[in-house]
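Participant: Could you build the full structure based on these sequences and the hints that come with them?
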Amino acid sequence: MTIHVKDRQIVAPGEFVGEQGRFRVEGQVFRVGRKYYSKVLGVVTVDEENRVVKVIPLKGKYFPVEGHIVVGKVVDIGFTSWEVDINSPYVAVLPVSEVTSRPVTISRNELSRILDVGDLILAKIVSFDLSKDPVLTIKESRLGKIPRGTLVEIPPQKVPRVIGRRGSMVSMIEDLLGVKLIVGQNGRIVVVGDDPQRVEIAVLAVRKIEAEAHTTGLTDRIKQFIEERLRS
Amino acid sequence: MKRGAPERLIDENGRRVDGRLPDEMRPLRVEAGVLKNADGSAYVELGNNKVLAAVYGPREPMPRHEALPDRAILKCRYSMLPFSVAERKSPQPSRREIELSKVIREALAPAVFLNEYPRTSIEVYIHILEADGGTRTASIIAGSVALADAGIAMRDLVAAIAVGKIGNVLVLDINGIEDQYGDGDMPIAMMPQRGEITLLQADGVFTPQEIEEALRLAQKAFQKIYAEQVRALKTKYESVKEVEE
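Protein chains in written order, with our numbering: chain A, 1 to 232; chain B, 1 to 245.
Treat the hints with care, since some could be wrong.
Facing chain A, according to a computed beta carbon distance under 7 Å, are these residues of chain B, among others [what the hints assert, rightly or not]:
| hint | residue |
| --- | --- |
| 1 | V17 |
| 2 | G19 |
| 3 | T120 |
| 4 | D156 |
For the record, the hints were derived by calculation from the structure and aren't laboratory data. These numbers were taken from a predicted model, which means no experiment stands behind them. Cβ atoms here follow ideal geometry from the backbone N, Cα and C, with glycine treated the same way.
Facilitator: Right, dumping it as structure tokens:
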């Protein structure tokens, strides 16, 4: 396509992005005839090499995708399942069969002994389409209840910046501060660490990434930020 | 307190009661993201009108049975605060407010990709802090900016303006006095990039020629309004960028 936008440009809904042709257009766009328009208030990324133009929203709710790892909060206990808030318009369901392979005597009491209201869990979305509520599983090695940690919530669109290229941002924060970050794709991040001061710095770093997610050179600035905080 | 009728709405120089020419609109100021707790918000000043809009959603609809299986429901609540008019308005929603809520919803709905959010609701709350004629158009401007600020998928922003009639003269963006004593009022809302009209109302008598002329008059204003809406949405993010670079 012929592009009408620059890399890192901010576009409003309805704004002309480009015409069909040399470039492929991805993300939050819609097409009228041969012309592409942005659907959302977002940032454009232009990848000259692969000839891809992408519109990434700046804000918005989390929409479940099969295979995503999310941090959920148990909000209700049913007879054979839990209801889990995953920071999305749709409440997720975690059936007993996805929690334990042992048969469970069906009673509310039993279920709350395994997971209670208010518990945080790391779960995977096994199925979701827009006509049914998402179904979760925690029957995988690193999934399950998160016993402790500090919860930070950010817009889900900014999670890729927190993770960084091949996990570079997460591992940098973890190495510098000696904490562990559990990152859910739904924008919930749990910081686990022994030193409350270092946990706090990690939380502030995540908040800083949230505020500056659409700018470049972020990793270096976060590194600088953490080092400054560690010295004082 | 009713302000007395002015002797003339247009003087011998062709100026209106507030000194504007017939094709001039009132100064417009739009700000996006003014509220922290709402998913999206906007503040609009159109002349003396002051409007605050907040958007929540898409979220689980309350009550749950109202959910539609194939699209989101769009809810709008337009309300005038008791101190928004010269004589205290009762806070109870009036017939007029209920009607305007519907009109605003129908003006905004075509711009939103409702089918992308099935079984959810998107709620737009609009409060008039101060009213001076043309609050419905100011509300539509605020509502569409707040929706975009919430990150909701939209075909386009919606711009709105009213064309009035004084005697035989068409005037753009009528104010409170002109609305009360003028001869006609035609609010128009449009998606400026798409060129599609989403609201067209009129009271008073307009000839077919006058309607065409009114649309032409409004067209100029739409481009101005749209530019201001886009500016409001973008500056919020561009300012962060400048500080950092």
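Participant: All the hints need checking, so say for each whether the structure fits it.
Facilitator: Now for the hints, and whether the structure bears them out:
1. V17: Hint violated; B:V17 Cβ to chain A Cβ min 35 Å, cut 7 Å.
2. G19: violated (32 Å)
3. T120: B:T120 check passes; min Cβ-Cβ to chain A is 4 Å, inside 7 Å.
4. D156: Holds, because the Cβ-Cβ distance from B:D156 to chain A comes to roughly 3 Å (cut-off 7 Å).
The structure does not agree with the numbered hints 1, 2 stated previously, though it agrees with the rest.
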